[in-house]
Amino acid sequence: MSGDSAQSGIAVDALNEPQSDAVAQADGPVIVFAGAGSGKTRVITYRIANLVATHRVPPYRLLGVTFTNKAAQEMKHRLERILGEGMARELWIGTFHAVCVRLIRRYHEQMGLNRNFVIYDDSDQKAVMTRVLKELKIDERRYAPKKVLARIQREKQEARGPDELSIDGYFDEIAKRCFEAYQRHLKAANAADFSDLLLHVLHLAEDQKSEAGAHLRSRFSHVLVDEFQDVNQVQYRLVRALAGEGRNICVVGDDDQSIYRWRGADVRNIRGFTRDFPDAKLIKLEQNYRSSGHVVSAALGVIRCATDRQPKELWTNNPDGEPVKVVHTANERDEAAHVVGQVRALIATGISPREIAVFYRVHAQSRVLEEVMRGQDVPYQIIGGHKFFDRAEVKDLLAYLRVIVNPQSDVDLVRIINKPARRIGARTIEHLAATALTEGCSLYAAIGPLCASTRIGAATKRHLRTFGELLGGFMRAAETASPRDLAEEVLEESGYGRWLKGQDNAEADARLDNLQELLGSIQEYEEDQSYADEEPTVADFLTRVSLAADADNLADVPRVPMMTVHAAKGLEFDHVFLTGLEEGLFPVRGQQAGEEEELEEERRLAYVAITRARHQLTITHTHTRMIYGQVRYNEPSRFLGDLPARDQERLVTEALRDVSRSVSSSQSSPPWRELIRAGSPQRSQAPTPPPPRPPGERYVERDPDGEDNTFGDGGDLDQGAIRAGTKVRHTKFGLGVIRQLDEGLDPAATVTFSGWGVKRIKVRYLKPA
DNA sequence: TTGCCACAAATTTTT
DNA sequence: TTTGTGGCAA
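Residue numbering for the first sequence follows my numbering, starting at 351 and increasing by one per position.
Since the hints were made in silico from the structure, they are not lab data. Treat the hints with care, since some could be wrong.
[Said to hold, decoys possible] The list that follows gives simulated cross-link-like pairs (lysine-lysine, BS3-like), each with its CA atoms no further than 30 Å apart:
| hint | residue 1 | residue 2 |
| --- | --- | --- |
| 1 | K662 | K631 |
| 2 | K737 | K769 |
| 3 | K476 | K487 |
| 4 | K496 | K745 |
| 5 | K496 | K420 |
| 6 | K496 | K737 |
| 7 | K420 | K811 |
| 8 | K675 | K631 |
| 9 | K476 | K426 |
| 10 | K537 | K487 |
| 11 | K476 | K745 |
| 12 | K559 | K420 |
| 13 | K537 | K851 |
[Claimed, not checked] Computed spacing ranges between beta-carbons, pair by pair:
| hint | residue 1 | residue 2 | range |
| --- | --- | --- | --- |
| 14 | S560 | Q879 | 15 to 23 Å |
| 15 | V712 | E435 | 48 to 56 Å |
| 16 | E490 | R939 | 36 to 44 Å |
The beta carbon of each residue, even a glycine, is placed where N, CA and C say it ideally should be.
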């Protein structure tokens, strides 16, 4: 391709990025090792822009793949700014799964899928597997559906089918039989699981015989992959195949940040890339633009000890900043108190809570931190956790829609057949399944034959028939109604809405709200489609939902983000608190033989965590920790020993000093004694002094154990104790503030909950906070 | 068919 | 400690 750069109205200046010329070359394979904070995503973005603007590659022939919707979104936005909306819209940018769904849309006939196929998520997969185990009469307790499924998914991530499963022991025999049956079920249900989405495309792309395969392979002239260290075998083969003869493939990643091996990611892909593409141009980006000198140096100290990594030296021009603080604390409460105390101090100096993050290795650690945050009135937000579309009631309504669009989907049918209760219980479903098996049809199609048989009572037949007619009616309605109208009709006619309304509790109210929100999101989808001049369909909406990440609801109030280290990948913050650096927790495991690779991954995880910090990093660890209901005595994490001495400052909390004094008098001096420094500025302590309270709020002495705080003598919220502004707690929504109060026989309040928004809740469901 | 109790298990998680 | 699941009684 020529370097002709006479282009039309494109912001050329934007292309003159420091790294872009390194990857400006248009042809041939390129691999970029991009260290943490070196501007990884930028490289891909500018390469794409450059290909379009300078090398005149038609945008629709460019494929850019990311791992998360968020990353894809970000990349699209950046490219819109550089290339303009019209051009950017033509680009193929998305997650592996989203891209594959788009391709399946175009090639579904060659893949043996019906247009209206549905995507089965984890719980659907588990439901299928449970069914399979029953059918094969395999003991569910000895062979847990989750275990079998995990085994199968491991195979699928390597693009192996049931026939290629290598058998080693009895479990594998079982797994193989289940695998076959599982795929059979998916096919019959006109469904695909997440791996299938990729596999369908892969199989066509690697098919040397069909014309469609050749067409698919030549579709894209350039393929670019972000976070290449996270690709699994299937994804790697997929991008290789899609790059086709041109071999214009550019991958960007950091082997030091490979933390998803347990999920099928294979670092060997990034390390082996140069084997598959010996002519690949290798580029290393080693300058870190993000973090302070001490942070970068600390991160290097940890990662340097890693065995088997692509040698590279991260460096930075940034000032040294403050050394990393390593704080030894007495226990998890002390640790939380210290972290929250520091966070408050930072906020008090005017730093935005959004720029102060708290990390932990496992979710189980978050509870204590949350309690102390709440107790000290620090606004926080847990990142990760469940998605909106995973809520039971949302999944229920979606299951109705899925059955309507695709009546072959048995798991969806089972999900809703008795919701609301229609007197169709497990027994009847078993009969239905048996009939479906002998008839070789779906559960839905088996309703007729079963009702014609004599195996079930007349009453049950009536219930089944009514249900069948209900669905039939919906299917007819689906032909003309818009998705939103259909959803509303389902909610109404199925009795689901009435069922929820009948349950007089706050939980049901919240569920109804969530369903309203779902209707809202369908509406939004319809509007999007009409804006894009496309027909909205239920099937398309369902696909989007399946591939959607959590709707990261932008917090109205700035809050301190709290998350696992995994969730932190790709993010950065001015101040980072990394908790629980203890042997047995971080690294979580890895001391035994055969777990070396796991330990390596923990090390990379620690590296990822450290490199999230821009200005300041505080690492904490505890002497004892109660986790999973058991007290553990902890050695400091081995990773702490890898931090260079000059980059860190070791501190202990007062509470630990007390512990150490009493312990050291009776025992030989423990290794952390020498960490105690005179004049350490720790103010942490076990019973937290009462935080200052805003006027107009009653303050009551807390129970020293920190259990439920109560108004006065506790018990229920009495009328006198609440008014607008009162803080309350709800079992599901957590902490909230009353906005408005409606008196009456059964008083209700409008409450703003952090993370949940405004809800109307009966006062009797609220507890004082 | 539903609801309750005992018991076990318990990283990390996107699509 | 919390959460999910299976068995059993009403």
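Hint check results:
1. With a C-alpha separation of about 16 Å, the suggested pair K662 and K631 falls inside the 30 Å cut-off, and the hint holds.
2. Simply put, K737 and K769 have alpha-carbon atoms about 22 Å apart, close enough for the 30 Å limit, and the pair holds.
3. Only pairs whose Cα atoms come within 30 Å are accepted, and K476 paired with K487 is accepted, the gap being roughly 16 Å.
4. A hinted pair counts as satisfied when its Cα atoms are at most 30 Å apart, and K496 with K745 qualifies at roughly 20 Å.
5. Distance check on the hinted pair: K496 and K420 sit about 28 Å apart at the alpha-carbon level, within 30 Å; holds.
6. A hinted pair counts as satisfied when its Cα atoms are at most 30 Å apart, and K496 with K737 qualifies at roughly 20 Å.
7. Of the pairs offered as hints, the one joining K420 and K811 is violated, with about 49 Å between alpha carbons and a cut-off of 30 Å exceeded.
8. Note on K675 and K631: the hinted pairing is violated, with a Cα-Cα distance of about 40 Å set against a maximum of 30 Å.
9. Proposed proximity of K476 and K426 is contradicted: the alpha carbons are some 34 Å apart, above 30 Å.
10. Under the criterion of a C-alpha separation no larger than 30 Å, the hint pairing K537 with K487 is consistent with the structure, at around 21 Å.
11. Restraint check for K476 and K745: satisfied, since their Cα atoms lie roughly 15 Å apart, inside the 30 Å limit.
12. Restraint check for K559 and K420: not satisfied, since their Cα atoms lie roughly 37 Å apart, outside the 30 Å limit.
13. About 37 Å separates the Cα atoms of K537 and K851, which puts this hinted pair outside 30 Å; it is violated.
14. The supplied range of 15 to 23 Å is broken by S560 and Q879, whose beta-carbon atoms lie about 32 Å from each other.
15. The hint said 48 to 56 Å for the Cβ distance between V712 and E435, and at roughly 42 Å that hint is violated.
16. Separated by about 27 Å at the C-beta atoms, E490 and R939 break the suggested range of 36 to 44 Å.
Going through the hint list in order, the structure does not satisfy hints 7, 8, 9, 12, 13, 14, 15, 16.
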